[in-house]
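There are 4 protein chains.
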Amino acid sequence: MKVNVLGKKNSVLNQYISEIRDVQVQSDSLRFRKNLFRIGQLFAYEISKVLAYEEKQVTTSLGTTAVPVLSKQPVVATILRAGLPVHYGILDIFDKASNAFISAYRKVYKDGHFVINVDYCSSTELSGETLILSDAVLATGSSMVVCYKELLNHGKPAHTHIVSVIASIEGVNYLKRKLANTGITFWVGAIDDEMTAQAYIVPGLGDVGDLAFGEKGELTS
Amino acid sequence: MKVNVLGKKNSVLNQYISEIRDVQVQSDSLRFRKNLFRIGQLFAYEISKVLAYEEKQVTTSLGTTAVPVLSKQPVVATILRAGLPVHYGILDIFDKASNAFISAYRKVYKDGHFVINVDYCSSTELSGETLILSDAVLATGSSMVVCYKELLNHGKPAHTHIVSVIASIEGVNYLKRKLANTGITFWVGAIDDEMTAQAYIVPGLGDVGDLAFGEKGELTS
Amino acid sequence: MKVNVLGKKNSVLNQYISEIRDVQVQSDSLRFRKNLFRIGQLFAYEISKVLAYEEKQVTTSLGTTAVPVLSKQPVVATILRAGLPVHYGILDIFDKASNAFISAYRKVYKDGHFVINVDYCSSTELSGETLILSDAVLATGSSMVVCYKELLNHGKPAHTHIVSVIASIEGVNYLKRKLANTGITFWVGAIDDEMTAQAYIVPGLGDVGDLAFGEKGELTS
Amino acid sequence: MKVNVLGKKNSVLNQYISEIRDVQVQSDSLRFRKNLFRIGQLFAYEISKVLAYEEKQVTTSLGTTAVPVLSKQPVVATILRAGLPVHYGILDIFDKASNAFISAYRKVYKDGHFVINVDYCSSTELSGETLILSDAVLATGSSMVVCYKELLNHGKPAHTHIVSVIASIEGVNYLKRKLANTGITFWVGAIDDEMTAQAYIVPGLGDVGDLAFGEKGELTS
Chain V
31 MKVNVLGKKN SVLNQYISEI RDVQVQSDSL RFRKNLFRIG QLFAYEISKV
81 LAYEEKQVTT SLGTTAVPVL SKQPVVATIL RAGLPVHYGI LDIFDKASNA
131 FISAYRKVYK DGHFVINVDY CSSTELSGET LILSDAVLAT GSSMVVCYKE
181 LLNHGKPAHT HIVSVIASIE GVNYLKRKLA NTGITFWVGA IDDEMTAQAY
231 IVPGLGDVGD LAFGEKGELT S
Chain X
31 MKVNVLGKKN SVLNQYISEI RDVQVQSDSL RFRKNLFRIG QLFAYEISKV
81 LAYEEKQVTT SLGTTAVPVL SKQPVVATIL RAGLPVHYGI LDIFDKASNA
131 FISAYRKVYK DGHFVINVDY CSSTELSGET LILSDAVLAT GSSMVVCYKE
181 LLNHGKPAHT HIVSVIASIE GVNYLKRKLA NTGITFWVGA IDDEMTAQAY
231 IVPGLGDVGD LAFGEKGELT S
Chain Z
31 MKVNVLGKKN SVLNQYISEI RDVQVQSDSL RFRKNLFRIG QLFAYEISKV
81 LAYEEKQVTT SLGTTAVPVL SKQPVVATIL RAGLPVHYGI LDIFDKASNA
131 FISAYRKVYK DGHFVINVDY CSSTELSGET LILSDAVLAT GSSMVVCYKE
181 LLNHGKPAHT HIVSVIASIE GVNYLKRKLA NTGITFWVGA IDDEMTAQAY
231 IVPGLGDVGD LAFGEKGELT S
Chain F
31 MKVNVLGKKN SVLNQYISEI RDVQVQSDSL RFRKNLFRIG QLFAYEISKV
81 LAYEEKQVTT SLGTTAVPVL SKQPVVATIL RAGLPVHYGI LDIFDKASNA
131 FISAYRKVYK DGHFVINVDY CSSTELSGET LILSDAVLAT GSSMVVCYKE
181 LLNHGKPAHT HIVSVIASIE GVNYLKRKLA NTGITFWVGA IDDEMTAQAY
231 IVPGLGDVGD LAFGEKGELT S
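Residue numbers (our numbering), protein chains in the order written: chain V, 31 to 251; chain X, 31 to 251; chain Z, 31 to 251; chain F, 31 to 251.
A couple of the hints might just be wrong.
Treat identical chains as interchangeable: a pair holds within one or across any two.
[Claimed, not checked] DMTMM-like, lysine to aspartate or glutamate: derived pairs with alpha carbons at most 25 Å apart:
id, residue 1, residue 2
1, Lys38, Glu84
2, Lys137, Glu84
3, Lys206, Asp223
4, Lys140, Asp58
5, Lys137, Asp240
6, Lys186, Glu155
7, Lys186, Glu248
8, Lys186, Asp58
9, Lys126, Asp52
10, Lys186, Glu245
11, Lys32, Asp149
12, Lys39, Asp149
13, Lys186, Glu224
14, Lys39, Asp122
15, Lys38, Glu224
In short, the hints are calculated from the structure, not lab data.
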C-alpha cells in the first residue's frame with residue numbers, strides 16, 4: 031500500500047488541518063464543515079493528477095483545440111456520517127462521479143469483544159472503476175477495512191484510493207497488513223502517534239461526526 | 031397535519047422544480063444537486079418564519095441594538111441517500127443545527143408482501159426539539175412514516191416539520207392518516223396525482239438518488 | 031417608492047443580520063461574507079415572488095406537467111465593492127441573469143463640499159428589464175441614486191428593485207424624495223435611526239467593504 | 031518572470047478548462063462560473079505551496095501538536111469584471127486574505143491608436159505583501175501590466191503571482207518584456223498560439239465577461 035502524506039509538504043491544506051484540530055476554531059461547525067469540504071477538494075485534486083486522461087477535441091467559438099480530459103470519472107464513496115463533508119468536497123471536484131455511501135457500527139458482546147458490522151451500503155457498480163473511498167479519520171482502521179470489503183460485493187475496482195484527513199500510525203499499519211497486495215493508494219493529511227483506549231486519535235481532533243453534525247443522543251427506548 | 035404547498039405561490043422555487051423534473055436538464059448532476067440544495071435552502075427559510083425568536087442585544091462597532099434571533103436551533107434530519115442534497119441546503123441555512131441521518135429499505139418476502147425496515151439511524155437527542163425531517167420525494171409515504179417513528183426512539187420533538195420536494199397525493203393522504211394528531215407540518219413543492227406500481231411518482235422526476243448520485247449497482251455476491 | 035422591511039417579520043434573515051452586526055462575529059470574514067451571501071439569496075427569493083411567471087410544459091421521465099417558470103430573468107446589478115457578496119447571493123438564486131457592476135466615489139473639493147462621480151460601470155442592456163440593484167448598506171443614499179441614474183444610460187428598466195441589508199432612515203427618506211414616481215420597490219433588512227458625520231449608519235455594522243475584503247490602503251504615490 | 035503552465039501536467043484542471051472552452055458547455059453560465067471558481071481554487075492551492083509557513087502550536091481536545099500555517103495571508107486582487115469568478119475561487123481558499131479590485135478600459139482616439147486607463151481601483155495596502163493578481167485571460171497583456179503598475183501605488187509587494195486561466199503566447203511575451211526583473215511568477219492554465227485583431231485569444235474561449243455575466247449593452251445616452 032502506497033502512503034501519500036499530503037501534509038508533509040507545505041500548502042494551505044495544513045492551514046485547514048490546524049483549524050479543524052484547534053478546539054477554539056472547531057467549535058464553529060460551519061467553518062469546521064467548510065474546512066473538511068476544502069480538504070476533500072484538495073485531496074481530490076491531488077488524486078486527479080494520477081488518474082488516466084485522454085485528448086478530447088474541443089470546439090471553441092474561435093477554433094478547435096485538444097484538451098486532456100478524464101478518461102473516466104472515478105466513483106466516490108464515503109463512510110457515514112463523519113465522512114460526508116470530505117466526500118462532498120471530493121464530489122464537488124468530480125461533479126460527474128457516481129457515489130457510494132456505507133456505514134458500519136461496532137457490535138459489543140457481553141464479554142467485551144466486538145465485531146464491526148455494515149448496516150448501510152448504497153453503491154454504484156464498482157467493477158473496473160477507480161474508487162475513491164473517504165472517511166474523516168482513520169483510527170484503528172477496522173471500519174475502513176470492513177467497509178472496503180463490503181464494497182467489493184459491488185465489483186472489484188481497477189484501483190482504489192483511500193482518503194482520510196488524520197490517521198493514527200496504528201491504523202495505517204493495520205491497513206498495510208489487511209490490505210497488502212491490493213495495490214491501494216492511501217492519502218492522508220497527517221499521521222498521529224497515539225490512540226486512546228476508546229480509539230480516539232491523539233492529538234487528533236476529537237469526534238468529527240459530533241463536531242460536524244452534533245452529538246449523538248442516547249436511545250430513549 | 032397541516033400541508034403547505036410552496037409551489038402554489040409563484041416564486042423561483044418553481045423554476046428549480048421545473049429543472050429537476052425536466053429530463054434534459056436533470057441529466058446534469060451538478061445542476062441537479064444544486065437545485066435540490068437551493069430548494070432545501072428555500073424550504074428552510076420558509077420554515078424559519080414559523081420558529082420561535084427572542085430579542086438579543088447585539089453590540090456593533092457604533093452602538094447596540096436588539097435583533098430577534100432563533101430561540102433555539104432546529105434539528106435537521108434526512109433520509110438517505112436521496113434526501114442528502116436537500117438536507118445540505120437546509121443545514122446551510124441553519125448552520126448551527128444538530129443533525130440526524132436515517133435510512134430504510136424494503137424487505138420483500140417470497141409471497142410478494144414487504145416490510146420497511148430501518149438499517150441506519152444516527153440521531154442527536156430529539157426530546158423537546160424542533161425537528162425538520164426531509165426527503166427528496168414522498169411516494170407511498172411508508173419510508174417517511176417508518177423513519178419518523180424510528181426517530182422518536184431518540185426523544186419526542188416539540189414540533190416536527192416534514193419536507194419533501196415532490197409528493198404523490200396518495201403519499202400525502204397516507205401521512206395524514208398515519209400521522210394524525212401529531213401536530214406535524216408538511217411542506218412540499220408540488221403534489222402529483224399518480225404513482226406507478228413500482229412507487230414512482232407520476233409525472234414526478236424519476237429516481238432522485240440515481241440522478242444525484244448515480245445508479246445503484248447489482249450485488250455481485 | 032414602496033418599502034419592504036424584511037426584518038420586521040421573524041425569519042432566519044434576522045439571525046444573519048445579528049451576526050453581521052455583532053463586532054465579535056463579524057471579525058470572521060468567511061462567515062461575514064457567507065452571511066451577506068445568504069442574505070442576498072433570501073432577498074432574491076422574496077423578490078422572485080413578485081416577478082412574472084408563465085406556465086412551461088415540462089417533460090419528465092414518466093410524463094409531462096406544467097410548471098410556472100420565470101417569464102424573463104431579471105438583471106442583477108451591484109455597487110462595488112461592498113455590494114459584491116450580497117450580489118453573489120442574488121446571482122446564485124437567479125443563475126441565468128445578466129449582470130451590471132458599478133462604482134461611485136466621493137470627490138471632495140477644498141471648501142469641503144463634494145460630488146459623487148461614477149468611475150466604473152459595466153452593464154448589460156436594461157431597456158424593459160427587471161432590474162435588481164443591490165448594495166450592502168444605504169447610508170446617505172447619494173451613491174445609490176447616482177448609480178441608479180448612471181444605469182439608466184443603458185436603458186430604462188420596466189421595474190427596479192433596490193436592495194440593501196441595512197439602511198439609515200435618512201437614506202430611505204432621501205431615496206423616497208429623489209426616486210419619487212419611479213415605481214421603484216425598496217427591499218431592506220432593517221432601518222436604523224442615526225448616522226455619523228462620516229455617513230456611517232448607527233448602530234449599523236461598520237464598514238462592510240473593509241469587513242468583507244480588508245481595509246483599504248493609503249495611496250503611496 | 032517564471033512561467034508555470036499548470037495544464038501541462040494532467041489534472042482535473044484540464045477537465046474544467048475543456049468545459050469553459052467548449053461552446054456547448056460554456057452556455058450554461060452557472061457551470062461556467064463554477065468552473066472558473068474551481069480553477070481559481072486550484073491555482074490558489076498550487077500557489078499556496080510556494081508561500082511561507084511557520085509552525086503553530088495547536089491545542090486539540092486531546093493534546094497539542096505543531097502544524098505549519100501560513101506566516102501571512104496573501105493579498106488577492108483581480109481585474110473587473112471577467113476576473114471575478116476566478117478571484118472568488120482564490121478568496122475561497124485564502125479566506126482571511128485582504129482584497130484589491132481594479133478595472134481598466136481602452137480609450138480609443140480618432141486616429142485609431144488607444145491607451146489603457148484605470149477607472150477603478152480599490153486596494154488594501156500592498157507594501158511587503160504577497161500579491162496574487164488574477165484575471166480570466168491574458169490576451170495582449172496590456173491591461174494586466176497597466177493594472178499591476180497602478181496597484182504599485184498602494185505599495186510594493188514582496189512578491190507577486192499573476193494568474194490567468196488562458197493566455198496568448200503574445201501576451202506572455204509582452205509580460206516577460208514589460209515585467210522583466212520584477213521577480214513575478216506567472217501561473218496559467220494553457221497558452222494559445224494566436225490572437226484576433228480584436229484581441230481575442232484563438233482558440234481561446236470567447237468573451238469571459240459576457241459568458242459569466244451577460245453581454246454588455248450599448249450606451250443609449
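Hints, verified against the model:
1. For a Cα distance limit of 25 Å, the shortest separation of Lys38 from Glu84 across copies, 13 Å, qualifies, whereas the shortest one inside one copy, 31 Å, does not.
2. Taking the closest pair of Cα atoms, Lys137 and Glu84 never come within 25 Å of each other, the shortest separation being 46 Å inside a single copy and 43 Å across copies.
3. When the C-alpha separation of Lys206 and Asp223 is checked against a cutoff of 25 Å, the pair qualifies only within one copy, where the shortest distance is 16 Å, while the shortest distance between copies is 48 Å.
4. In this assembly of identical chains, Lys140 and Asp58 lie within 25 Å of each other by CA distance neither inside one copy nor across copies; the values are 38 Å within and 48 Å between.
5. Taking the shortest alpha-carbon separations for Lys137 and Asp240, only the intra-copy value of 20 Å comes in at or below 25 Å, while the best inter-copy value is 31 Å.
6. For the homomeric pair Lys186 and Glu155, the shortest alpha-carbon distance inside one copy (9 Å) is at most 25 Å, but the shortest distance between copies (39 Å) is not.
7. For the homomeric pair Lys186 and Glu248, the shortest alpha-carbon distance between copies (13 Å) is at most 25 Å, but the shortest distance inside one copy (38 Å) is not.
8. Taking the shortest Cα distances, Lys186 and Asp58 never come within 25 Å of each other, neither inside one copy (39 Å) nor across copies (27 Å).
9. In the homo-oligomer, the alpha carbons of Lys126 and Asp52 lie at most 25 Å apart only across protomers (17 Å), although the nearest pairing inside one protomer, at 34 Å, exceeds that limit.
10. Taking CA atoms no more than 25 Å apart as the test, Lys186 paired with Glu245 passes between copies only; the shortest distance there is 17 Å, against 35 Å inside one copy.
11. In the homo-oligomer, the alpha carbons of Lys32 and Asp149 never lie at most 25 Å apart, since the shortest distance is 29 Å inside one protomer and 34 Å across protomers.
12. Taking CA atoms no more than 25 Å apart as the test, Lys39 paired with Asp149 passes in neither setting, with 37 Å inside one copy and 41 Å between copies.
13. Taking identical chains as interchangeable, the C-alpha atoms of Lys186 and Glu224 are never at most 25 Å apart, the minima being 33 Å within one chain and 39 Å between chains.
14. Within a single copy, Lys39 and Asp122 get their C-alpha atoms as close as 24 Å, and across copies as close as 21 Å, so both meet the 25 Å cut-off.
15. Within a single copy, Lys38 and Glu224 get their C-alpha atoms as close as 18 Å, which meets the 25 Å cut-off; across copies the closest is 41 Å, which misses it.
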